[in-house]
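J.: Below, each chain spelled out in residue letters.
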Amino acid sequence: MTTPEDYYKLFFESEGEAERPCVIRAVDIKKIYRTSGQEVQALRGATLDVYKGEYLSIMGPSGSGKSTLFNAIGALVKPSSGKVYIDQVDIAQLDTNELAWLRCRKIGYIFQSYNLIQVMTCLENVMLPMSFAGIEAEAAREKAIKILGMVGLSHRVLHKPSSLSGGQQQRVAIARALANSPEIILADEPTANLDQHTGQEMIDLLDDLKRKLGVTIISATHDLKMLQKSDRILWIEDGRIVRMAKPSELDFSSKDFH
Amino acid sequence: MTAPATTSAIPRQITLPMSVAFEVVMQGIRIRFGRSVVTVTGVLFGIAFLMSIFTGIVLKQGLSSEEQLRIEVNRMISFLTAETGQPKGHVLGFIADGPLKPAEVKLLLALDAQGLDKLQVVAPTTVVLPVLSSTQVQRVSLDAVGMGVSGILWTGEKEPAGGWPSAFKNARQAVLALTRDGAKPEVVSDIHLVLLASALSDEQKIKEEAAAKRESFRNGWIITISLLVTVIGISNAMLMSVTERFREIGTMKCLGALSAFVRRMFLIESALMGLVGGILGCAVGFVFSVLVYMISYGFAPALHAMMAGLGSLVLFALASLVCSLILSTLAALYPANVASEMVPATALRSSI
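Chains as they are written, first to last, in my numbering: chain A, 121 to 378; chain B, 4 to 355.
All clues stand as given, with none of them false.
Here are the computed lysine to aspartate or glutamate pairs in the EDC-like style, where the Cα-Cα straight-line distance is at most 20 Å: (1) A:K198 with B:E344; (2) A:K150 with A:D358; (3) A:K280 with B:E247; (4) B:K187 with B:E160.
In silico contact screen, one side only, chain A against chain B (beta carbon under 10 Å); selected entries: (5) N191; (6) D207; (7) L214; (8) E218; (9) R225; (10) I237; (11) M240; (12) E244; (13) P249; (14) S251; (15) F252; (16) R296.
It is worth saying that the hints were derived from the structure and are not from the lab. The beta-carbon is built from N, C-alpha and C at its ideal position, and this holds for glycine as well.
Modelling step: build the complete structure from the supplied sequences, incorporating the hints.
T.: As structure tokens, this is what we get:
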């Protein structure tokens, strides 16, 4: 029988890339959804390493298992089989309490539709994950103001999200994702709801974070500009990873990207 | 490189203090004020109904004890005058060995009002007599009572120490009226014994008890139904609130909120609305019930009954409030559970 450890050897030790520190490692993850008696295999065994400080893009048509893979490596969904290690820790071993800690401190989430808490001001939105982390209110406020300044929103600190433009809301969401200085940022189509110009700004901002703070960024995206900035691009189709490439190896004018 | 460690090096997420959940809830209620008002109104009606029934019970008791007293005094007067004739211009003897009952006080006042001339009183000095306006009160000894009187009122319950007064021997052809049930003297010739205290017959008692039981059962049934409706209303509103906030809850979980925190948030929200609805409902139910009684029984009697039952009214109001708090929290248990068990990945779904 092939154990996950065997898979791990099979896929990585031979490639000589295991030297780089690995933040997330997924080994042969499968996910089966059961809905009204029907089984849907969303993932049919995906294995990948995400290295520290890299910018990984995940591409795939809808229904390809892209979201499931994204959720699984983001500790949002437990795979039916296979292992996901975040910082060398098997997340299947964690209870809900430890998972909450992980989501709070290790990972910052950015959503396609921003998902700001509408009843709170920008400042409170950014402070929320810090208060979940038990940071004292005054310190949290100071840090939140600093981060909001970093994403260029110092003048909108006390506004409610509904009074901001899409781009500004996404900036608040990025600030919130950065609140607890996570090592990993998971971004689910972060530019899908933005126009070309603001999308570009967002990409530059993420790229900046990667360079300056060394955070690992994983994003599901179809945005060409985002793909071009990535270190690696991963294709998923029908629940399997079919291709992994660097942007320099790709022809962005091909029909795959349109 | 070694195989990844499987032992967990992840600390547990801290549990947030109540105040943080409370703050988030307050913001939520403020921003969704309209919906909160609707939910609170639902609670308000349920609790107002409960409180109005409670108030009704208290007021009715107060009013009916007044009413019973009036009926009792009327009956005593008519029994007495049937034997002694109208009290106007007459002399009556009055023997008491202890404090007077309200009915006896009223009886004396009524006799006074009807023009009784003189009252020969045999009583310890500790017995307080009502102030009479036209009747002359004359304290006499037990032996002297009965001279020239048309009747003697006896308020004792026991045979007096030393046997029945010899005075009765003087009271030829007099009427001895007993205001209480208890010891009766052996009938001496020429004395008419009149029993003014008439306890209800057993049959009547059974009837009244059955009627009271029927009413309390009916009240209990109506209250149960109305509270059930309230609970279902709150539950429904909270479920709606949970569904509405699916993404928000998912996002909070992505940011590190514990399930317990999410559950607590919804329980606090519901309890808060229950508290506000309970306070308003108590006030509305009380005012409504008092108004109804004032309209149907007059201002003064209703007010009097209300003041008499103030203690029990306060207790009932507290009970309604506690009831409101408990029910609203219970009603939120299921919605809060739905919310807390939601998976964080819900936050990523873009089309909700």
